[in-house]
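There are 2 protein chains.
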Amino acid sequence: MTRKRLLVDGGAGVKVPVVEVALSNGETLRLYDTAGPEREPGRDLPPMRAGWIAERGDVEPVSARPVAARDDGRAAARLSAPRAHQTPDDPGIRGTGPRETAQTPATAPTPATAPTPDTAPTPATEPMGAVVGARPVWRARAGAAVTQLAYARRGEITNEMRFVATREGVDPDFVRSEVAAGRAIIPANVNHPESEPMIIGRRFLVKVNANIGNSAVRASIDEEVEKLTWATRWGADTVMDLSTGPDIHTTRERVIRNSPVPVGTVPLYQALEKVDGRPAELTWAIYRDTIIEQCQQGVDYFTVHAGVRAAHVGLTARRVTGIVSRGGSIMAAWCRAHGQENFLYTHFDELCQIMAAYDVSFSLGDGLRPGSVADANDEAQFAELATLGELTTRARAHGVQVMVEGPGHVPLDRIQHNVELQARLCDDAPFYTLGPLTTDIAPGYDHITSAIGAAMIGWLGTAMLCYVTPKEHLGLPDRDDVKEGMIAYKIAAHAADLAKGHPGARDRDDALSRARFDFRWEDQFELSLDPDRARELHDRSLPAPAAKTAHFCSMCGPRFCSMKISHDLRDLASVDGTGPDPSAPAGPAAGPSVPVDLATTGPSAPANAAPGPSVPVEITTPGR
Amino acid sequence: MTRKRLLVDGGAGVKVPVVEVALSNGETLRLYDTAGPEREPGRDLPPMRAGWIAERGDVEPVSARPVAARDDGRAAARLSAPRAHQTPDDPGIRGTGPRETAQTPATAPTPATAPTPDTAPTPATEPMGAVVGARPVWRARAGAAVTQLAYARRGEITNEMRFVATREGVDPDFVRSEVAAGRAIIPANVNHPESEPMIIGRRFLVKVNANIGNSAVRASIDEEVEKLTWATRWGADTVMDLSTGPDIHTTRERVIRNSPVPVGTVPLYQALEKVDGRPAELTWAIYRDTIIEQCQQGVDYFTVHAGVRAAHVGLTARRVTGIVSRGGSIMAAWCRAHGQENFLYTHFDELCQIMAAYDVSFSLGDGLRPGSVADANDEAQFAELATLGELTTRARAHGVQVMVEGPGHVPLDRIQHNVELQARLCDDAPFYTLGPLTTDIAPGYDHITSAIGAAMIGWLGTAMLCYVTPKEHLGLPDRDDVKEGMIAYKIAAHAADLAKGHPGARDRDDALSRARFDFRWEDQFELSLDPDRARELHDRSLPAPAAKTAHFCSMCGPRFCSMKISHDLRDLASVDGTGPDPSAPAGPAAGPSVPVDLATTGPSAPANAAPGPSVPVEITTPGR
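Chains as they are written, first to last, in the working numbering: chain A, 1163 to 1786; chain B, 1163 to 1786.
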């Protein structure tokens, strides 16, 4: 067996990475790959999409917002200052660089296909400044609509769509039509050219997000970049940098420049750091400054807690676990302190205009998600979901791509309702859920309590699953936790893909099962989600090299191996003629001869599988 | 917090163990306990049920079948003998002890409420011999029907039923009626008085079985007894001793005498050892001798692969993974070798008569279960299931309790069909499934691939889940694997109980979530499925004792703790009067004010919850 990364042709010069596993029997299997190109020590990833973005001719370089010391939110620096925080007008926030020039119009671009709603505030001037390092910063030209949604609506198939189509094994125009309908998104900030495009939508493979990021009590930039690389090695389709500790800007910069997958953030965390962690002192100006900073860095999607309306806060009063979303609790505290509506809600259109100019997607945050099974599917949760539906419509009107976040903690019997309600209220925008955890009683094992819910909700149509690690509720995940969380969620996502009948999803299972039945141990390991673990567990009992070709393992030993007996049985049948009648039905594909209904059933209306003609993985048999 | 084992009154002098957790806020929570009484070094568990069994007056001591060297299937001893195996007539098998005396009639008891089918063979003489050690061996008196099913049908509420009712928090007559209907079983061999009764049925808490047992390449009696104790410490409701290696009889003896939970076996494994691992040399006589040996030792349920009919074998010919059940493959090989019907099928009534005399329950084995998602729900699987339905009826006619085993490897969308079909074909006999694994691609993590399927199938009505450890497909589980498998399955079973709406199931979740919201860290740990792990993961980041009372953890740090902010918000609301309107709806129980349907939905007809009036766990608040 060998395993190598290949680039396959996606048309129009697009090259798409796959991992090809060559098996000991001469077959090969191609696997979806998220690890990105090989890293060169000390260098950022190559800007693969830079040419695609430039060729479209609809973005232009802007002098970037200058980086301020405050952007890194260093607690020590902040605490030593005479004032607890500064306003956005202070040079400390805005820097002393040149103000915006005529090169870039002060107004955000008008979406090409949708009118700006009446409620949209007049776009304010964006702060401008020096270019960050040597990296150019791009933004839409005046009047240009540069989001994948805008292209899709205009009928344009972008290279990003071609890339995605090849990865998913579907037709590029199918990708375009799903994006145009808002049923799928391709998070792809023009300032993150290092990313390899991927798609989030219920008719595509279920995706997994890995959260990384430091906190005030655990922090190291290198550690976070290593977690990123580690997470994508184990299959993370996106990562969210949820840093809340020191060096927040610099950590994010290193993460984005080294990430082959889209990067999401919760800009509110950085904004709060800028006001010393005092929710009441947050302002739209500070938040706005923060999102421009992050748009220009290359963040691909923002979690925005605009659905936590002031009127919803009281609905959480009698909950067992109150508000468990950090962003939700911050905005609730702000609303209470000011007696005003959530400023993210009131400034939502301006937010859309800024994000549209960089093609940053929304991940509409569920700030009131339940934090315990007791609070699942309650009024607060669904009141917010209705607001998220309204915001979905508004964001799409600005040409901004939207997905919607979901719970949380939900018992199995209440999961389907979440999926159906979200699809209805949010017009089929992709659903992106945290788990859900199906019980509260297993801290230390919440990757498992939630993988159960994740598999179920993925099957029912959730497009992306946010992983949960064993440390959930207990501490910040380290490298090992990241891996445990990733594997549990790749399992959940794949179980969902199988259940959805996604074309080609079963090829890997079948290849592994054939290897298992043939006692091709090394092939079995290599086809595993975690070859290292599979090999290690096998070798703990039978470390000898000969055991890798043995027709048994330590589980049953040679005498009781059912597969060995099965083989003997088939050998016997082929020799003595007592074998199965060749006219007998051919197993799974054949109709039943017993009086039972073989039709599979399940919860009503599972998600549709992609109708594309080709498949994302394929078995090639030598000589055919 | 303290945690102690209490005995609570179950009526009629029955004392039922519970674990009471005393929380730091003065509340207590009572938990179902499977760990059994504290072990005294070097001593077997006390025979708690001995008095109950004797009092009924329907069993009598028999001179037990003598133990032969061959019973331990020692490979070395066997291989040194001039002949590969001996026939049952050889002294080596039967021993030289006295033959059956007049004390015990040669015929098996006639079931009280059902006629012996015409097809029943004339019961043969059972081999008798010396008492095993000092332990008396019991069997039904002539004409007595001593199974819990027989008592239930006669309207008798046994102490076993009282014990179970208290554990489950339901009315004893509800237990009786479910057992009488065959919808639940209480595995309770009269020769296993050490066991604490438990019930397996879809209207009760979902149970978990842990497999232990050695194989030819890994073996130690002490290790297996330690695995048993370890498994019950983590919540195993039954254990199966699947030993196939040396010392098979002695290992089982130590396991049963030390097990506070019912013990299951697959007698075929020992029978095969008696014929040197050659399936074709198996005979009914050898198998019959083996089950009598095990009935007299105290095994509570037997997996019997009587449903693998000769005609089914050919249906597996084109499967990806053939036959993956050891028992299934052994019987298929036997059928092929002899060109005859499965001897377990043809001697099924005699088997029932023997098992009825000791109240050993059937676990009708699914010898043709799918071993890969490719083979799920195929003709072979369902043909066997139809046969298991027929055998369920026959066993019940003999008064024998029956549960039915299920798959295996099944993708999520095909699980519901398995449950519905089993219920229909097997007249609602309890379903007992292995997982199912929802994908084949994660060896090393099959406790997770299968916990997903187990939670789903448990919700839909499966009564007991057979755990799968991380070593599945790779090797024999060790102590750590046993724990990982147990925790994953306790999660799955509990997630199912929550989804079924089992009364009281959510109390532990709610208590833990309240502790979480109140930052009562020690309470949170103590209420966890694995307090050690929860504490350890927390302490890896924040080891200082003060962190146990801190109002945050390392996950978010003090500044971003949503729960802390939630508390601040509630404090603010109560002080300044801006709090929630006291007339506002009280959360989950209240009706929605948003235009959405709050009704939870799910796959059709999840299992009914127990209608009993009391609950198995309860919160007691001091002063009330």
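What the hints contain is simulated information worked out from the structure, not anything from laboratory work.
Treat the hints with caution; some may be incorrect.
Which copy is meant is left open, because identical chains are indistinguishable; a pair holds if it fits in one copy or across any two.
With a straight-line Cα cutoff of 20 Å, these simulated EDC-like cross-link-like pairs (lysine to aspartate or glutamate) come out [to be verified]:
1) K1710 / E1189
2) K1710 / D1333
3) K1726 / D1220
4) K1726 / D1438
5) K1177 / D1195
6) K1726 / E1443
7) K1177 / E1222
8) K1166 / D1701
9) K1177 / E1684
10) K1177 / D1669
11) K1710 / E1202
12) K1710 / D1694
13) K1710 / E1698
14) K1166 / E1443
15) K1710 / E1582
16) K1166 / D1220
17) K1166 / D1640
18) K1726 / D1694
Here is how each hint holds up against the structure:
{"no.": "1", "hint": "K1710 / E1189", "result": "within (19 Å within a copy, 55 Å between copies)"}
{"no.": "2", "hint": "K1710 / D1333", "result": "neither (41 Å within a copy, 55 Å between copies)"}
{"no.": "3", "hint": "K1726 / D1220", "result": "neither (63 Å within a copy, 46 Å between copies)"}
{"no.": "4", "hint": "K1726 / D1438", "result": "between (66 Å within a copy, 16 Å between copies)"}
{"no.": "5", "hint": "K1177 / D1195", "result": "within (13 Å within a copy, 58 Å between copies)"}
{"no.": "6", "hint": "K1726 / E1443", "result": "between (70 Å within a copy, 17 Å between copies)"}
{"no.": "7", "hint": "K1177 / E1222", "result": "neither (25 Å within a copy, 80 Å between copies)"}
{"no.": "8", "hint": "K1166 / D1701", "result": "neither (24 Å within a copy, 40 Å between copies)"}
{"no.": "9", "hint": "K1177 / E1684", "result": "neither (30 Å within a copy, 54 Å between copies)"}
{"no.": "10", "hint": "K1177 / D1669", "result": "neither (23 Å within a copy, 54 Å between copies)"}
{"no.": "11", "hint": "K1710 / E1202", "result": "neither (34 Å within a copy, 43 Å between copies)"}
{"no.": "12", "hint": "K1710 / D1694", "result": "within (14 Å within a copy, 36 Å between copies)"}
{"no.": "13", "hint": "K1710 / E1698", "result": "within (12 Å within a copy, 36 Å between copies)"}
{"no.": "14", "hint": "K1166 / E1443", "result": "neither (52 Å within a copy, 49 Å between copies)"}
{"no.": "15", "hint": "K1710 / E1582", "result": "neither (47 Å within a copy, 40 Å between copies)"}
{"no.": "16", "hint": "K1166 / D1220", "result": "neither (36 Å within a copy, 70 Å between copies)"}
{"no.": "17", "hint": "K1166 / D1640", "result": "neither (28 Å within a copy, 34 Å between copies)"}
{"no.": "18", "hint": "K1726 / D1694", "result": "neither (25 Å within a copy, 41 Å between copies)"}
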